[in-house]
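Q: Below are the chains, spelled out letter by letter.
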Amino acid sequence: MLKKRLIPLMLIDNGRLIKTVKFGASRDVGDPVQSAKVYSDQNADELLILNVSRDDRTIAKTLEILRELSKNCFMPLTVGGGITSIEDVRILIRSGADKVLVNSAAYRNLDLLKNIVREFGSQALIIGIDCLGEVGRWSCLSKCGSIVESIELEDHLRRVQEAGAGELLIQSVDRDGAMCGLDLDLLRKVTLCAKIPVIGAGGVGNYHDLLDGYKIEGIDAIGVASLFHFSDSNPHRAKAMLQNHNLNFKLV
Amino acid sequence: MNYFDENMDVADVVVVDIGISNIASVTNSLVELGYSPLVADNPRGIESAQRVILPGNGSFRAASERLTETGWVTALREFAESKRPLLGICLGMHLLASSGEEDGISEGLGLIPGVSRRLSVGDLRLPHVGWNTVDQLKSHFVFEGIKNGRDFYFSHSFALEPSGQNLIIGTTDYGNTFVSVVGSKNVFGVQFHPEKSQKNGLKLLSQFMKWDGVA
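As given, the protein sequences belong to chains V and U, one line each in that order.
All you need for our numbering is the position in the first sequence, starting with 1, plus 2.
All you need for our numbering is the position in the second sequence, starting with 1, plus 931.
Only true hints are included.
Here are the in silico distance ranges between beta carbons for each label pair:
| hint | chain 1 | residue 1 | chain 2 | residue 2 | range |
| --- | --- | --- | --- | --- | --- |
| 1 | V | A242 | U | E963 | 25 to 31 Å |
| 2 | V | F232 | U | E1009 | 52 to 58 Å |
| 3 | V | S28 | U | N1097 | 56 to 62 Å |
| 4 | U | E1000 | V | S28 | 43 to 49 Å |
| 5 | V | C182 | U | I1036 | 48 to 54 Å |
| 6 | V | Q36 | U | G1035 | 45 to 51 Å |
| 7 | U | G1002 | V | S152 | 47 to 53 Å |
I should point out that these hints are in silico values taken from the structure, not numbers from a laboratory.
All residues carry an ideal CB built from backbone N, CA and C; glycine is no exception.
The whole structure should be built from the sequences, with the hints applied where relevant.
A: So, in structure tokens, the structure goes:
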């Protein structure tokens, strides 16, 4: 049986692990390589590493971190933030990434998505979609939440799936760092439009928030940042609680 | 990362690089286990290799074309003939088959009789991504020390359907049951990514590195 996944979400700014609130003000969390090692020891299911620096929209810094981090972490690694070309993808995948996450470029460059899929397969491409709003009226945001895109969420979901995306990371911008629970309506809406696995993120503040998310049909994975970075919670403890509610995680 | 050099001693293990795989993950895990893998982007170094790993992601057709263009097809067939251990991972496992049905039919290495086909999963989502159970149907040296029913990391839409029951070492359920581990003499293939499967994945690679290639 395929297991649910619990994925620490690591935001990188200028080589440091940080955590934002509503994609804005950020706090320093520490060294990304050390933190990744800890998550690896805690049997996290996967890591998502996203460069969210607004001054540095290249892959250079994340590549440097990836090269170090992949020496100690023998689990799936996804890298995103600032990917604009197939060359970026080639070097990231050669350097230890299993999957890449494309967000902003997905609004204007569907050919990039198709090229990634042709060369590396659907399973190597995650599309990140940052959403803001309330029931029935979500907007898609690009460039780390700084630009509101005109395309409707549903249309964007359809286009990226047609281009061959293998997974979706759906983040709620207004819940980012707020630890007030996932946007369950948003995730329900997306799972209805998606035929590919969906990772929900943005707003997890306790284990019950995780439980609510996993109960949605089609939510295979949840991304967590604040809860793990700032509290004594960790993937082990979270799973121990969730397993009492008949959710299955990997056996190691 | 070491590329093959004519002056080097016999390699513990050669990792085949056809330019489309996550090479660093495989080599990092072998280094973690204390080995010195050589990455080879052409088949010259393979004669002296003790064992070979064929990793891979992406499309069967693209990979099969690359293998042919670069001379790997003949080299890998000859290597397999020599009874030294060969491990295919994910797409590398599919390439062991006689043929693949991704983007039309293309030829594989023909080391495991069978075909690589799209998974039939009913209403479930594809790709099949995440941690799933491997049921060991028979014991094999490469799985020694790994308990039955443990989870490994999968990330794929196609799977190898071997043409003989005797080739199946392990299976996994996703919509239907598919073959996740195959073996034929000195040739072994896993659908999941051992290099990404933490403790049990590293254990499997460590067993492969000790295997003498006798099934």
